[in-house]
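So the sequence lines, in the order shown, correspond to chains X and P. The first sequence begins at 4 in the working numbering and counts up by one. The second sequence begins at 4 in the working numbering and counts up by one.
Hints are not guaranteed to be accurate.
The list treats identical chains as interchangeable, and a pair is accepted whether it falls inside one copy or across any two copies.
Said to hold, decoys possible - For lysine-lysine, the following BS3-like pairs were computed, each having C-alpha atoms within a straight-line distance of at most 27 angstroms:
hint, residue 1, residue 2
1, Lys114, Lys95
2, Lys98, Lys114
3, Lys72, Lys61
4, Lys424, Lys243
5, Lys54, Lys162
6, Lys114, Lys310
7, Lys424, Lys402
8, Lys56, Lys31
9, Lys149, Lys310
10, Lys402, Lys95
11, Lys61, Lys31
What the hints contain is simulated information worked out from the structure, not anything from laboratory work. From a predicted model like this one, the values you see are computed outputs, not experimental measurements.
Each chain, letter by letter, is given below.
Number of protein chains: 2
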Amino acid sequence: MKIVKVSGDVSIKRSVDSGTEEQREAAKKIIGDVRRSGDAAVIAYTERFDKVKLSSLKVERSEIEEAYKEISDSLVSIIQEAANNIQSYHAKQQKASWITTEENGTILGQKVTPLDSAGVYVPGGTAAYPSSVLMNVIPAKVAGVKRIVMVSPPGEDGKLPAGVLVAADIAGVEEIYKIGGAQAIAALAYGTESIQPVDKITGPGNIYVALAKREVFGDVDIDMIAGPSEIAVLADESAKADEIAADLLSQAEHDMRASSVLVTTSSVLAEEVQREVTAQLASLPRREIAEKSIEDFGAIYLARDLKEAIEVVNQLAPEHLEIVTENAMELLGQIRHAGAIFIGRYSSEPVGDYFAGPNHVLPTNGTARFSSPLSVEDFQKKSSIIAYSEGALRENGAKIAQFARLEGLEAHARAVETRLKKFN
Amino acid sequence: MKIVKVSGDVSIKRSVDSGTEEQREAAKKIIGDVRRSGDAAVIAYTERFDKVKLSSLKVERSEIEEAYKEISDSLVSIIQEAANNIQSYHAKQQKASWITTEENGTILGQKVTPLDSAGVYVPGGTAAYPSSVLMNVIPAKVAGVKRIVMVSPPGEDGKLPAGVLVAADIAGVEEIYKIGGAQAIAALAYGTESIQPVDKITGPGNIYVALAKREVFGDVDIDMIAGPSEIAVLADESAKADEIAADLLSQAEHDMRASSVLVTTSSVLAEEVQREVTAQLASLPRREIAEKSIEDFGAIYLARDLKEAIEVVNQLAPEHLEIVTENAMELLGQIRHAGAIFIGRYSSEPVGDYFAGPNHVLPTNGTARFSSPLSVEDFQKKSSIIAYSEGALRENGAKIAQFARLEGLEAHARAVETRLKKFN
Numbered sequence: 004m005k006i007v008k009v010s011g012d013v014s015i016k017r018s019v020d021s022g023t024e025e026q027r028e029a030a031k032k033i034i035g036d037v038r039r040s041g042d043a044a045v046i047a048y049t050e051r052f053d054k055v056k057l058s059s060l061k062v063e064r065s066e067i068e069e070a071y072k073e074i075s076d077s078l079v080s081i082i083q084e085a086a087n088n089i090q091s092y093h094a095k096q097q098k099a100s101w102i103t104t105e106e107n108g109t110i111l112g113q114k115v116t117p118l119d120s121a122g123v124y125v126p127g128g129t130a131a132y133p134s135s136v137l138m139n140v141i142p143a144k145v146a147g148v149k150r151i152v153m154v155s156p157p158g159e160d161g162k163l164p165a166g167v168l169v170a171a172d173i174a175g176v177e178e179i180y181k182i183g184g185a186q187a188i189a190a191l192a193y194g195t196e197s198i199q200p201v202d203k204i205t206g207p208g209n210i211y212v213a214l215a216k217r218e219v220f221g222d223v224d225i226d227m228i229a230g231p232s233e234i235a236v237l238a239d240e241s242a243k244a245d246e247i248a249a250d251l252l253s254q255a256e257h258d259m260r261a262s263s264v265l266v267t268t269s270s271v272l273a274e275e276v277q278r279e280v281t282a283q284l285a286s287l288p289r290r291e292i293a294e295k296s297i298e299d300f301g302a303i304y305l306a307r308d309l310k311e312a313i314e315v316v317n318q319l320a321p322e323h324l325e326i327v328t329e330n331a332m333e334l335l336g337q338i339r340h341a342g343a344i345f346i347g348r349y350s351s352e353p354v355g356d357y358f359a360g361p362n363h364v365l366p367t368n369g370t371a372r373f374s375s376p377l378s379v380e381d382f383q384k385k386s387s388i389i390a391y392s393e394g395a396l397r398e399n400g401a402k403i404a405q406f407a408r409l410e411g412l413e414a415h416a417r418a419v420e421t422r423l424k425k426f427n
Numbered sequence: 004m005k006i007v008k009v010s011g012d013v014s015i016k017r018s019v020d021s022g023t024e025e026q027r028e029a030a031k032k033i034i035g036d037v038r039r040s041g042d043a044a045v046i047a048y049t050e051r052f053d054k055v056k057l058s059s060l061k062v063e064r065s066e067i068e069e070a071y072k073e074i075s076d077s078l079v080s081i082i083q084e085a086a087n088n089i090q091s092y093h094a095k096q097q098k099a100s101w102i103t104t105e106e107n108g109t110i111l112g113q114k115v116t117p118l119d120s121a122g123v124y125v126p127g128g129t130a131a132y133p134s135s136v137l138m139n140v141i142p143a144k145v146a147g148v149k150r151i152v153m154v155s156p157p158g159e160d161g162k163l164p165a166g167v168l169v170a171a172d173i174a175g176v177e178e179i180y181k182i183g184g185a186q187a188i189a190a191l192a193y194g195t196e197s198i199q200p201v202d203k204i205t206g207p208g209n210i211y212v213a214l215a216k217r218e219v220f221g222d223v224d225i226d227m228i229a230g231p232s233e234i235a236v237l238a239d240e241s242a243k244a245d246e247i248a249a250d251l252l253s254q255a256e257h258d259m260r261a262s263s264v265l266v267t268t269s270s271v272l273a274e275e276v277q278r279e280v281t282a283q284l285a286s287l288p289r290r291e292i293a294e295k296s297i298e299d300f301g302a303i304y305l306a307r308d309l310k311e312a313i314e315v316v317n318q319l320a321p322e323h324l325e326i327v328t329e330n331a332m333e334l335l336g337q338i339r340h341a342g343a344i345f346i347g348r349y350s351s352e353p354v355g356d357y358f359a360g361p362n363h364v365l366p367t368n369g370t371a372r373f374s375s376p377l378s379v380e381d382f383q384k385k386s387s388i389i390a391y392s393e394g395a396l397r398e399n400g401a402k403i404a405q406f407a408r409l410e411g412l413e414a415h416a417r418a419v420e421t422r423l424k425k426f427n
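When you get a sec, could you build the whole thing from the sequences and use the hints?
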């Protein structure tokens with residue numbers, strides 16, 4: 004892991020896979036086929052890509068009960084506890100509709116309404132993450148979405164991973180389909196004989212899933228298109244090198260394109276972390292992935308002082324930020340851009356990935372400059388409320404008509420005056 | 004305007020212009036040129052499209068002072084009053100950062116941070132809308148965005164419309180450039196010698212502006228891509244036909260592709276509105292536009308009862324909804340999808356377009372199913388806060404490690420255990 008002295012602007016070396024022309028065309032073709040042929044197309048693509056011929060797409064209750072038997076009781080109760088924490092955190096994001104009233108009778112307000120339905124994509128294969136199920140489903144549930152649909156590609160045995168099914172059940176999903184890829188996104192967006200369409204699709208997937216989500220966006224809503232995961236650790240000489248190195252590697256094991264960065268004011272820590280990363284890498288099961296990630300996208304930035312270090316962090320706008328300095332909490336106000344901020348040495352990133360409560364679906368690729376973690380709001384929408392009384396229109400109608408005429412919109416002016424002229 | 008009896012599902016006939024391949028290529032080329040050549044490209048395109056060779060892109064204070072002289076004092080004070088109303092409504096959307104604390108020392112929370120910068124596109128020519136300036140700038144201002152940049156294409160005299168400049172000044176914009184089209188979007192997204200890039204671009208424009216916004220999306224954030232404007236009026240026999248007709252026409256005069264729909268339980272009202280629309284059309288300055296819009300995209304839906312009428316409204320998910328029925332307020336809870344809801348006969352749509360306070364940038368094209376009016380939140384982002392104490396990690400660390408191993412992420416488990424093993 005290279006040590007770089009900060010001078011001037013810094014940016015994370017990032018790798019965004021926006022797909023090849025060929026992949027884009029493939030995703031489009033699959034979507035077209037599903038729109039035309041419905042279930043038949045979904046079943047055919049599942050046979051082709053997932054190597055299993057399904058007679059029914061829907062997960063039965065018996066499959067969920069079987070999944071519980073495959074998972075230890077202690078894991079079930081850990082998943083349940085994580086779900087409770089996530090539920091409790093997201094409940095605090097809940098917002099009420101509100102109105103304001105004025106003496107002249109005017110009522111203005113904002114009505115908050117859950118989406119009618121939401122679809123959650125859960126990746127399959129080696130990347131089967133029960134935690135993703137919880138993080139995508141629970142905010143929708145808290146938002147009040149009545150119909151939550153989950154899709155995930157089946158294994159060659161025609162089943163979904165037990166952990167994923169148990170997490171879905173704990174989160175309260177009642178409609179699960181064993182389908183994945185662009186065909187699942189198309190089914191969620193446009194519906195088939197056996198699947199009703201949804202209003203919004205969230206959740207990560209492979210490049211075909213990402214391209215399909217981009218393609219259906221507008222007809223339905225989607226969450227962000229996630230890039231490779233990132234961590235930046237902001238640390239001073241008070242930090243422990245072994246802990247920092249372990250946290251950097253926990254990000255690096257995700258993906259060869261993941262990015263792990265240390266920003267520090269301490270050259271001693273910089274060198275210690277460098278050594279620790281190499282040492283800890285040796286025994287990691289996912290060593291190959293982590294090593295490549297550290298080599299290509301890892302860096303240790305050495306800043307002259309804390310002010311410069313914080314400026315580097317703000318330039319990076321990282322998905323995850325750990326602050327491991329004396330008085331870490333005091334620095335919070337200076338952090339302008341980060342998806343999630345982990346404060347102090349005991350807030351190792353996995354604490355947030357699985358358990359603490361805040362969402363682990365976070366803005367990547369520098370989009371923390373303008374994007375937020377997945378939240379309850381992503382599953383609600385608002386409507387403005389405007390109720391003018393006779394008195395309010397009497398008071399303001401002529402002004403509104405005059406404003407409309409400034410913009411050359413005579414019919415707007417007349418709409419108001421049709422009422423005004425009846426006031427005598 | 005045709006009367007259609009409701010039977011089964013109903014959808015607004017909509018026209019979405021997603022541009023031709025040629026237009027997409029043109030927008031891409033302009034963006035590429037601006038990224039390469041900066042100001043020089045912007046100036047060249049402005050000369051080509053806006054027919055004016057600018058020596059400087061920035062609007063000077065003297066131009067704003069001149070604009071004030073062109074606008075009557077009464078209009079200035081109407082714009083000011085509208086701005087105050089908009090400011091006051093949006094201030095109620097403001098949300099505080101929050102934390103929760105637990106006895107074991109855990110702190111969780113959500114930090115709300117304004118975007119560093121925002122760019123507002125204001126269309127030029129005949130569609131110069133000072134109200135758009137207020138509706139886009141004020142939420143950003145309330146959100147706490149420090150740098151707000153406005154761009155708008157100049158007339159052949161090298162000036163911006165006086166109303167637009169006055170509205171920008173009242174809204175508090177301090178950085179205005181006389182540029183438009185895809186070249187302005189590119190300059191906002193990537194910067195030039197004289198324009199620093201921004202984090203988010205909002206505001207409507209022509210097809211090239213829309214295509215350019217789609218193109219830069221991801222590098223910066225954008226608001227929705229607006230489709231043609233829509234109104235649905237839900238009315239019973241208590242409504243006045245002349246008022247409903249005037250409101251339908253105020254929407255229709257915007258755009259030949261605008262959609263104006265009445266949904267009513269009263270066949271008497273249906274026929275009266277039909278007659279009134281024809282009568283009122285005759286004397287409208289923008290008759291040609293309104294007539295075409297009503298012909299192509301207008302309709303009167305006759306429902307058997309209020310329940311069916313409300314179901315039609317929810318299927319339409321209109322941008323603007325007027326409810327003109329007895330006890331209109333009581334129906335609010337049954338409306339699931341609408342951008343803005345205008346209640347009662349005195350809440351004619353122009354009341355909200357200009358003056359009342361809620362935003363007039365609203366989800367079109369059925370996207371009210373999952374989208375919201377432009378708001379303060381669109382100019383802020385959130386960061387999760389996670390601070391685990393030693394006690395909290397001691398209590399939960401082993402569970403977190405176990406969850407990580409369920410997902411096959413050993414380095415995640417070890418990151419936590421690196422701390423745990425130092426305890427006891």
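Open item on the list: Regarding Lys72 and Lys61, is the shortest C-alpha distance of 27 angstroms or less found within a copy, between copies, in both, or in neither?
Closed with: within (20 angstroms within a copy, 69 angstroms between copies)
TODO: Could you figure out if Lys98 and Lys114 sit no more than 27 angstroms apart (CA to CA) within one copy, between two copies, both or neither?
DONE: Answer is both: 10 angstroms inside a copy and 16 angstroms across each meet the 27 angstroms cutoff.
Open item on the list: As a check of your reading, is Lys402 near Lys95 (CA-CA no more than 27 angstroms) within one copy, between copies, both or neither?
Closed with: between (41 angstroms within a copy, 24 angstroms between copies)
Open item on the list: Please sort Lys149 with Lys310 into within, between, both or neither, judging by C-alpha distance up to 27 angstroms.
Closed with: between (47 angstroms within a copy, 20 angstroms between copies)
Open item on the list: With identical chains, the pair Lys56 and Lys31 could be close in the same copy or across copies; at 27 angstroms between alpha carbons, which is it: within, between, both, or neither?
Closed with: Cα proximity of Lys56 and Lys31: one copy only (23 angstroms, versus 43 angstroms across).
Task: Homo-oligomer pair classification [Lys31, Lys61; C-alpha up to 27 angstroms] - done: within (24 angstroms within a copy, 43 angstroms between copies)
Task: Homo-oligomer pair classification [Lys310, Lys114; C-alpha up to 27 angstroms] - done: between (43 angstroms within a copy, 20 angstroms between copies)
TODO: Classify it for me, Lys424 with Lys243: is the Cα-Cα distance of at most 27 angstroms met within a copy, between copies, both or neither?
DONE: between (77 angstroms within a copy, 14 angstroms between copies)
Task: Same-copy or cross-copy closeness of Lys424 to Lys402 [CA-CA at most 27 angstroms] - done: This pair counts as within: shortest intra-copy Cα distance 14 angstroms, inter-copy 71 angstroms.
TODO: First find the shortest C-alpha distance between Lys54 and Lys162 inside one copy, then the shortest across copies, and answer within, between, both or neither for a cut-off of 27 angstroms.
DONE: within (12 angstroms within a copy, 64 angstroms between copies)
TODO: Pop the pair Lys114 and Lys95 into one bin, within, between, both or neither, using alpha-carbon distances up to 27 angstroms.
DONE: both (18 angstroms within a copy, 13 angstroms between copies)
No hint from the list above goes unmet by this structure.
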